[in-house]
Every structure is written in structure tokens, then in C-alpha cells.
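Trainee: Put together the whole structure using the sequences plus the hints.
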Amino acid sequence: MWFIEDNLVYCKIFSDYGIKNFITTKKLSDMTHTANRDKILESFGIKPNFLVTAEQIHSSKVYHVKKENLGEKISRVDGLVTDIKGIPLGILTADCVPVFMVDKNKKRIGLIHCGRKGLEEGIIENGVDIFENPQDIEVALGPHICPKCYPINLSGEILRRLKSKGVKEKNIYSIDLEKFCTFHNPESFFSYRRGDKISRMISVIQM
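Numbered by the working numbering, the letters in the sequence shown go through residues 25 to 231 in order.
These are calculated hints, taken from the structure and not from any lab test. Just so it is clear, the structure is predicted and the values come from calculations on it, not from any experiment. We put the CB at the ideal spot given by N, CA and C, even for glycine. You may find that some hints are simply not true.
[As the list claims (entries may be wrong)] Listed below are the simulated DSS-like cross-link pairs for lysine-lysine, each with C-alpha atoms no more than 30 Å apart in a straight line:
id, residue 1, residue 2
1, 203, 36
2, 36, 51
3, 172, 187
4, 194, 141
5, 192, 203
6, 71, 128
7, 63, 44
8, 203, 172
[Unchecked claim] Simulated restraints on C-beta separations:
id, residue 1, residue 2, range
9, 66, 190, 35 to 41 Å
10, 66, 187, 34 to 40 Å
11, 217, 129, 34 to 40 Å
Mentor: This is the structure in C-alpha cells:
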């Protein structure tokens, strides 16, 4: 389901659909620095000046990205959805869950930054609502802090909320948190809880 190659984490199912997706690891440096980010994007044939990002304020807001948003950072949101081919979406994480969403029938993709606050306020439900038909959505949860290292089982709660909105359990792709927990794999991932207050990984998806 998830694999690492060249210090990048991918969801193989989405890659097989022809959808570009990845999460950087710590070995590729801090993705809050534009130069580091641009280098990775260019290696994927993604134009850095096209990347649409979210301000990420731990809100429950998900924004439907249009052509006029090309290259923007969208204010006051933590989730991005688009049905436009060639627009890359990006979020930064260091313990929170990067939630990748795909509806291959409607040709729609999404990326959500999901931490405790946004989760409790309904960002997962809001993301599903933009996709219209929950039974067609496939969801992949990227590297994040595991319940052994954090008092809340983030992925467990995300799974529960997705299912309650009608997303099929077989279409939800979890990740091996023994291997991909951001907190207890310090050689691979930045972790806010472990002390990385500024450094981040970037998650990107593009049709």
C-alpha cells in the first residue's frame, strides 16, 4: 500500500492510477524552505509556481481549488480539493495526519492536514462533503504520530468518521505506524511533539 523509494513515501494504489503523490522524509531536509521544496517538485515534473497550499491553522475548513488559485496559499483553511488536472496540492506536517483523497470516477483529488483540533471540529466530514459521493472516495492516511506516542488515536478516529460518512472501509488505506510513526522514527520524520517545532515534511498530490 505505502512504500518508500528515494526517501519519499508513496501510496502505490494512487500511483498506479497515474496520480502523483508523495510525502517527503527527513532525509530530504526541511520542506518549509522553498528551495528544498522546489527541488523535489521539479524532480516529479511539477511546476513549483503552480503548487497550491493551505495556511494550516488547525481549522475544519476545506477549500475547493479553482484555476485562478494556481500558486496560491489559501488563507484560513487546512484542506484542499480540486478537479483540475495539473494543479498540485500541498500541505506540511510533523505529527498530524496527511489525508489523501481520490475519486477516480469524478477525477477529483484532495489533501487534508488533520490534527486533533481539526478532527474534532469536523474537517474529515467537510472534506467528504466536497466529494459528493462518499462511496466513490478512496482515502490514504500518510505518516503521522501513533497512539503509543500520543494520547489520541488520530487514524482510528479518522477511520471512524470516514465510515460514518459513507466511505467504504475497503477504500481506506491506513499506514503501518510501527514503520511510519513520525515520533518514534526520528531518522525518517520530523516530529513536533519530539521537538521539531519548525521543520516539516511536505505531502503533495496532483492529477
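Trainee: What are the numbers of the hints the structure violates, in ascending order?
Mentor: none
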